[in-house]
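**Student:** Chains as they are written, first to last, in the working numbering: chain R, 4 to 208; chain C, 1322 to 1426.
Calculated from the structure, these hints are not laboratory results. Bear in mind that the values here come from a model prediction, so they are computed numbers and not experimental data. Quick reminder that beta carbons are idealized off the backbone N, C-alpha and C, glycines included. Among the hints, erroneous ones may be present.
[Claimed, not checked] In the EDC-like style, the derived pairs of lysine to aspartate or glutamate whose C-alpha atoms are separated by at most 16 Å in a straight line are:
hint : chain 1 : residue 1 : chain 2 : residue 2
1    : R       : Lys-71    : R       : Glu-110
2    : R       : Lys-100   : C       : Glu-1324
3    : R       : Lys-57    : R       : Asp-41
4    : R       : Lys-24    : R       : Glu-49
5    : R       : Lys-100   : R       : Glu-12
6    : R       : Lys-100   : C       : Glu-1348
[What the hints assert, rightly or not] Sample of chain C residues at the chain R side, in silico, Cβ under 7 Å:
hint : residue
7    : Gly-1332
8    : Met-1354
9    : Leu-1416
10   : Gln-1420
[Said to hold, decoys possible] Away from chain R, derived, C-beta distances all over 10 Å, residues of chain C:
hint : residue
11   : Ile-1331
12   : Lys-1347
13   : Arg-1361
14   : Ile-1375
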Amino acid sequence: MAAKSVVREAREIHLAIDLIKLGARLQFLEAETCLSRDRLISLYKEIKGVSPPKGLLPFSIDWFMTWKSNIHSSMFYNIYRFMVNHGGCTRITALIKSYQLYLEQAEQQGGEPVLDFTRAWTLVRFFDSNMLELSTCTRCTGLFVAHAHDPQSGYVCVLCRPPSRAGKSRKVNLVVPVPAPVAIRGSKTVSASQWLADVMSAPRA
Amino acid sequence: MSETGKSNEIGDLNLTYLLLAQRLVKEDAATAMFRLGMSRELADLLGNLSLSQIVKLASSSLFLCRFRFDDHPILSVLTDDMNSLSLQQAHAAILLSGQRVEMFQ
């Protein structure tokens, strides 16, 4: 029995390390692993080199509805859904794999990941509790994150019908409202607009 | 170009596709299935093919991989020049990941 629990604990620690590296907050770790709060805090410090951030998690559903956030969360949730439905992954494995794929896609599209890992987890929880659902766009047939119980007929997605200011303020949109989980700042190729965006968002962070 | 030249090129592409697909499946089956748009059974089968089976399968004058945007409205949305590159890529990613997967009938 004792040997079994050590193996299980090792697995939990391994999982926690993966989650921390992707940017999970403490509340997320506590909910998804069986490790004690103290152990999680020391693990977090060891990996990140800093104490875990305090305060409440972002909990707004409406955040997922704004233009850029909706695109990114739809991108993420479509992958997550594939992993659960076809990949045969457990909830937490699906979350990790789909977030890694999402990061890859966001990077390829030349932008910072708008959706951080903890927000991706809240997104999944909102879906689990039926507060959000996927709506099918009548033009492109894509599936997009939407409020549950919103009328489905005639739905057109944010990419087929972008809000009027979306295209015009694309440069401004680069100032991401959420701190990015991966250090893009350290990479060698930083465009002028990206540098400006970083400088502008720095004092607020 | 001669007919043999063309079918050689197709055979090369088939071989590259099958080898890459198999490597991806062996590395991480679920992620590979997502990238390839394939069901578990199909991915497992691909992962278990021997090298000689792959070579035989690849040498053909017909493509073994399918064009995944087989729907007119989807394709016209994605080739619309009005959108920026990154938005088109995001749109394509959402549409592809929401598609049904290739599987045995």
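**Student:** Check the structure against each numbered hint from earlier and tell me which ones fail, lowest number first.
**Tutor:** 2, 5, 7, 10 and 13
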